Amino acid sequence: MSDYLDGDLQRSERQRAERHLDECPECRELLASLRGLVSRLARLLAEPMRPVAATVLAGVREGIRAGG
Amino acid sequence: MTMIDPPEAPATDELALVRRAAAGDIPAFEELVIRHADRLYAALRRFGLDDGEAQEVAQETFIRAWRALDRFEGRSQFFTWLYRIGFNEAHRRLGSRRSPAGAVPIEENGAHEVADHRPDPAARAEQGEFLAALGMALRELPVDLRAPVVLRDVEGLSTGEAASVLDLGEAAFKSRLHRGRMALRGLIGQGPWGPPEPD
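For the protein sequence lines, the chains are A and B, in the order given.
25 is the number that the numbering used here gives to position 25 of the first sequence; each next residue is one higher, with no gaps.
Heads up: take any position in the second sequence, counting from 1, add 1000, and you land on the numbering used here.
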C-alpha cells in the first residue's frame, strides 16, 4: 500500500492495485488514512525549532581547532 | 523566530563549497555549517534526541564531516551525507535506550507560533493539536521504524536517498517505512482525518 501511495509501483502493479482498490472498501479506507498521515507528517517539517547554527558553528570551530 | 535556512542552495554552489572545504578552506566549511546546522538539528530532534543531544550530535556530525571530507565523493548531496553521519550516531544513542525517553512534543519550541493562514481558528487549533499528537506518537515508534518515517515523510528525502542514509536496500527500507506508517497510524488513531490537505 505504501509503494502505491509513494508512486513506487510499476505500471502493471499499479493497475492491479487500482483494480483491487475499486473492489475493496477496507483497502480504500486504509489508503486514505495513510495518505492523510503522510500529508500531515510532511507538515512537521515546517514546525519551528530553536535556531542553533551559531552555537553549533562555535563548537565546530573549537573542534576543528582542537583536532584539525 | 527566524532560522538560518538556506538548505536549498544550488547544488553546484554547494559542491564548490565542499570542494573548497576539502582543500582546507575553513570559511567555506563554516558556510556549509551555517547552511545546514538548523535543519540537521531539527531532523535529529524529530528523530527523538533531546535538545542538548541533538545540538551535540549536530556539532559532532560537522566535525566528523570535516575530517572525512576527502572521502565525500559527491555522488549524493552533501546534506544527505550529513544525515548519514548524524543519524548513525543518533541511532546508536537512541538504540541503547529501553523506552523513548524524553518523549516530549516536537512542537515544544513554539508550535503555537506556527504560521497558519487558514481563516478558521478552531480548525487551526485542531490542526495544531493533531500535529503535536503526531509528533509525540512519532517518538513512540521503535527507532528502526521511526528513522524511515522521519527521513521519507517528514524530511522529504526520496526513497533512494533515505535508504542510503540508513544503509538499507530499497526493499528493506520500504518494508520498514510501511511498518512505521502502520504503527504510527495505530498509535495516533485512524481518524477521522479527512482528505489530505491541499498544500
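If you are wondering where the hints come from, they were derived from the structure by calculation, not from laboratory data.
The reader is advised that the hints may include incorrect statements.
[Claimed, not checked] Stretch by stretch, here's where chain B covers chain A in the computed footprint (C-beta under 8 angstroms, at least three residues):
(1) 17–28
(2) 36–45
(3) 55–65
A quick note: this is a predicted structure, and the numbers were derived from the prediction, not measured.
Positions of the beta carbon are idealized from the N, C-alpha and C atoms, including for glycine.
Hints and how they fare:
no.	hint	verdict
1	17–28	violated (count 0)
2	36–45	holds (count 10)
3	55–65	holds (count 8)
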